[in-house]
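**Q** These are the residues of each chain, in order.
Protein chains: 2
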Amino acid sequence: MSAGTGERAPDRPLSREEQVLERVERARRRRARVRDELVTLAHGAGGRATRSLVEAVFLEEFRNPLLEPLADGAVDGDGLAFTTDAFVVTPLFFPGGDIGDLAVNGTVNDLAMCGARPLHLSAAFVLEEGFPVADLRRVAASMARAARAAGVEIVTGDTKVVQRGKADGCYITTAGVGRIDRPGRLSAAAAEPGDAVIVSGPIGEHGVTIMLARGGLDVEADLVSDTAPLTGPATRLLDACDGVRCLRDATRGGVATVLNEIAESAGVAVVLDEEAVPVRPAVRGACELLGIDPLYVACEGRMVAVVAGWQAGAALDALRAGPLGEDAAIVGRIGADPPGTVLLRTAFGGTRIVDVLVGDPLPRIC
Amino acid sequence: MSAGTGERAPDRPLSREEQVLERVERARRRRARVRDELVTLAHGAGGRATRSLVEAVFLEEFRNPLLEPLADGAVDGDGLAFTTDAFVVTPLFFPGGDIGDLAVNGTVNDLAMCGARPLHLSAAFVLEEGFPVADLRRVAASMARAARAAGVEIVTGDTKVVQRGKADGCYITTAGVGRIDRPGRLSAAAAEPGDAVIVSGPIGEHGVTIMLARGGLDVEADLVSDTAPLTGPATRLLDACDGVRCLRDATRGGVATVLNEIAESAGVAVVLDEEAVPVRPAVRGACELLGIDPLYVACEGRMVAVVAGWQAGAALDALRAGPLGEDAAIVGRIGADPPGTVLLRTAFGGTRIVDVLVGDPLPRIC
Numbered sequence: 001m002s003a004g005t006g007e008r009a010p011d012r013p014l015s016r017e018e019q020v021l022e023r024v025e026r027a028r029r030r031r032a033r034v035r036d037e038l039v040t041l042a043h044g045a046g047g048r049a050t051r052s053l054v055e056a057v058f059l060e061e062f063r064n065p066l067l068e069p070l071a072d073g074a075v076d077g078d079g080l081a082f083t084t085d086a087f088v089v090t091p092l093f094f095p096g097g098d099i100g101d102l103a104v105n106g107t108v109n110d111l112a113m114c115g116a117r118p119l120h121l122s123a124a125f126v127l128e129e130g131f132p133v134a135d136l137r138r139v140a141a142s143m144a145r146a147a148r149a150a151g152v153e154i155v156t157g158d159t160k161v162v163q164r165g166k167a168d169g170c171y172i173t174t175a176g177v178g179r180i181d182r183p184g185r186l187s188a189a190a191a192e193p194g195d196a197v198i199v200s201g202p203i204g205e206h207g208v209t210i211m212l213a214r215g216g217l218d219v220e221a222d223l224v225s226d227t228a229p230l231t232g233p234a235t236r237l238l239d240a241c242d243g244v245r246c247l248r249d250a251t252r253g254g255v256a257t258v259l260n261e262i263a264e265s266a267g268v269a270v271v272l273d274e275e276a277v278p279v280r281p282a283v284r285g286a287c288e289l290l291g292i293d294p295l296y297v298a299c300e301g302r303m304v305a306v307v308a309g310w311q312a313g314a315a316l317d318a319l320r321a322g323p324l325g326e327d328a329a330i331v332g333r334i335g336a337d338p339p340g341t342v343l344l345r346t347a348f349g350g351t352r353i354v355d356v357l358v359g360d361p362l363p364r365i366c
Numbered sequence: 001m002s003a004g005t006g007e008r009a010p011d012r013p014l015s016r017e018e019q020v021l022e023r024v025e026r027a028r029r030r031r032a033r034v035r036d037e038l039v040t041l042a043h044g045a046g047g048r049a050t051r052s053l054v055e056a057v058f059l060e061e062f063r064n065p066l067l068e069p070l071a072d073g074a075v076d077g078d079g080l081a082f083t084t085d086a087f088v089v090t091p092l093f094f095p096g097g098d099i100g101d102l103a104v105n106g107t108v109n110d111l112a113m114c115g116a117r118p119l120h121l122s123a124a125f126v127l128e129e130g131f132p133v134a135d136l137r138r139v140a141a142s143m144a145r146a147a148r149a150a151g152v153e154i155v156t157g158d159t160k161v162v163q164r165g166k167a168d169g170c171y172i173t174t175a176g177v178g179r180i181d182r183p184g185r186l187s188a189a190a191a192e193p194g195d196a197v198i199v200s201g202p203i204g205e206h207g208v209t210i211m212l213a214r215g216g217l218d219v220e221a222d223l224v225s226d227t228a229p230l231t232g233p234a235t236r237l238l239d240a241c242d243g244v245r246c247l248r249d250a251t252r253g254g255v256a257t258v259l260n261e262i263a264e265s266a267g268v269a270v271v272l273d274e275e276a277v278p279v280r281p282a283v284r285g286a287c288e289l290l291g292i293d294p295l296y297v298a299c300e301g302r303m304v305a306v307v308a309g310w311q312a313g314a315a316l317d318a319l320r321a322g323p324l325g326e327d328a329a330i331v332g333r334i335g336a337d338p339p340g341t342v343l344l345r346t347a348f349g350g351t352r353i354v355d356v357l358v359g360d361p362l363p364r365i366c
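So the protein sequences, as listed, match chains W and P.
Residue numbers are given in UniProt numbering: position 307 of the first sequence equals residue 307, and the series is strictly consecutive.
Residue numbers are given in UniProt numbering: position 3 of the second sequence equals residue 3, and the series is strictly consecutive.
Note that these hints are calculated values from the structure, not bench results.
Since we're looking at a predicted model, the values are computed, not measured.
Some hints could be false.
Each pair may be met inside one copy or between any two copies, as identical chains are not told apart.
To be verified - Result set (SDA-like, lysine to any residue): computed pairs, CA atoms no more than 20 Å apart in a straight line:
1. Lys-166 <-> Leu-38
2. Lys-166 <-> Pro-361
3. Lys-166 <-> Thr-90
4. Lys-166 <-> Gly-243
5. Lys-166 <-> Glu-128
6. Lys-166 <-> Gly-349
7. Lys-166 <-> Glu-192
8. Lys-166 <-> Pro-132
9. Lys-166 <-> Leu-41
10. Lys-166 <-> Thr-40
One chain only, chain W, in its complex shape:
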């Protein structure tokens, strides 16, 4: 990419400034066009293709300061947070949850990742003709339970029905508004060299559970989805530490995708310690069989926090002090070089790049 760009000798390493410029240029080019003429499953996977499509089409057309960070939600000058998520998970019911609590927790978590307490939720349903009313009732009951658990209500909604073969049972889009009571704003761009990277619990359980629930795999594993509201751990963390740079729930694309977004937004390196990343043996085993890396597998009740290095211990204590944070771990740190990159120090003492997700190993995971 930088070949032939001038005075730099081919063997001289890029300076920090050159690296940042190159990163910006790469992002600009990616924005300018999306390579594919047709939408593919990869465009919905949350990785590189999703980002390209969103930047080339939606950001290009809608561009405004609140949308531009492409974060989990938008936060306006009055501290009002606003977010939305569409849910197309298959199967609709799986161990530990269903599309209903997933849809509520997903939006509650996006608000929590903005540092907001949830005020209200909306829910819009696209139903396929022939969908059992009993299943819809089960989904609605699950949404109601999840909303109660998160201390929020579904105050408005919509229901549309499409002909058989024009949907897959039930799709749900939730939106949420929340209120940020604290000064300061969380931002992936705020990560700084020296910060600590924390995950709130073991990763990959939701994605692996969905894969196993789809059957066709002769794997026995005692796994349930991790779908849960993150308002509690997020609040504990923000109450305990004023040095929280950003919170991100590790959904589509998993922890690896979130860390790549942080690395790119802040122009920093993220250095992960493989042995420190909490992965349950059942998840690790299933991932080995499936040939996928747990770092890319969706969680629906786990978050990544970047916290000022000197507050890492306090942050960990705060997370571990309550539900959904007992197994929190410091998994790495923010470094300076190479900017825009996630590096993994492997258990064998090597280092490899954890790249952005390409393609979609697990379509319709949420």
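On the provided structure of chain W, position chain P as indicated by the hints.
**A** Quick look at chain P alone, frame taken from chain W:
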């Protein structure tokens, strides 16, 4: 339904109180169960089946004071309005608009019907694998234009992709938050005998345009969708009149459905004057050929206003003074009896009941 309920002689007409009680009982029974075991297209039509499903499943599970009125949006104690709509219209592109501006205007209008000015919009996409990126770009451009016209921005979103055959190109769910600056709240339950019923313009253009765009009908008509933001006319009306009881945009199920909801919510009769209802000749002609009543056909840029009778003239002047209100008309009045009923005084001097929509004459109209 009241047969055998006691002392009332079979030929004595029901008293006002008995009628109201019967109406309440009818609604309670409807809420308790939804008759169908499978979701049908009628459940998405906005009429009786939709109402039953929403009450039996969603209201039953989610019940809370903000949701309960089942209005166009929810308004909290701080004057924050919140609303959502899913859009599954087919075809995606039609004369006068496409799914993009429809999705923006629909949510902007729901906010306007709450008396709110729009603050922010969200947009979530469910795309079918193989959908042309060029079409998505066209939809996004149309959303951006509609948002600019309504003075609002799309600040957050989500994109999901499902396999071929699991959607129909592109479904969009928008949500919106708005702010109510005026004291007092609009409510369908506030309609009172003596009030005037106004529509902001000719009805049925969106629905008929969609029907014609689907082809298969040998009808030539110079019609375009009426999709438009109603913030302007709603603001003019609310600025001019403090006696506005409620505003409702006449989307799925048309003016007839909105009026039935008002009649039921307020326990009043709505008496329409057939000759006063503005219907363009092309819409009237197409409806005759299709065998449908324009009163049930969706509009996407027309509203029904119920206004204190003594302010009817001022309200009409305010609507007519600007865009999207030039052809506003007083189409009827609120009466006391029979409660929960919409009556139409026909051009021939007769009277007929305009009942709630049953079935779905026009599936996927929005």
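**Q** For every hint, state whether the structure bears it out.
**A** Each hint, compared with the structure:
1. Lys-166 <-> Leu-38: both (18 Å within a copy, 16 Å between copies)
2. Lys-166 <-> Pro-361: between (24 Å within a copy, 18 Å between copies)
3. Lys-166 <-> Thr-90: Both ways: Lys-166 and Thr-90 sit 15 Å apart in one copy and 11 Å across, limit 20 Å.
4. Lys-166 <-> Gly-243: Intra 48 Å, inter 45 Å, cutoff 20 Å: neither.
5. Lys-166 <-> Glu-128: both (7 Å within a copy, 10 Å between copies)
6. Lys-166 <-> Gly-349: neither (51 Å within a copy, 45 Å between copies)
7. Lys-166 <-> Glu-192: Neither: 47 Å inside a copy, 43 Å across copies.
8. Lys-166 <-> Pro-132: For Lys-166 and Pro-132, the Cα distance is within 20 Å both inside one copy (16 Å) and across copies (17 Å).
9. Lys-166 <-> Leu-41: both (17 Å within a copy, 12 Å between copies)
10. Lys-166 <-> Thr-40: both (17 Å within a copy, 13 Å between copies)
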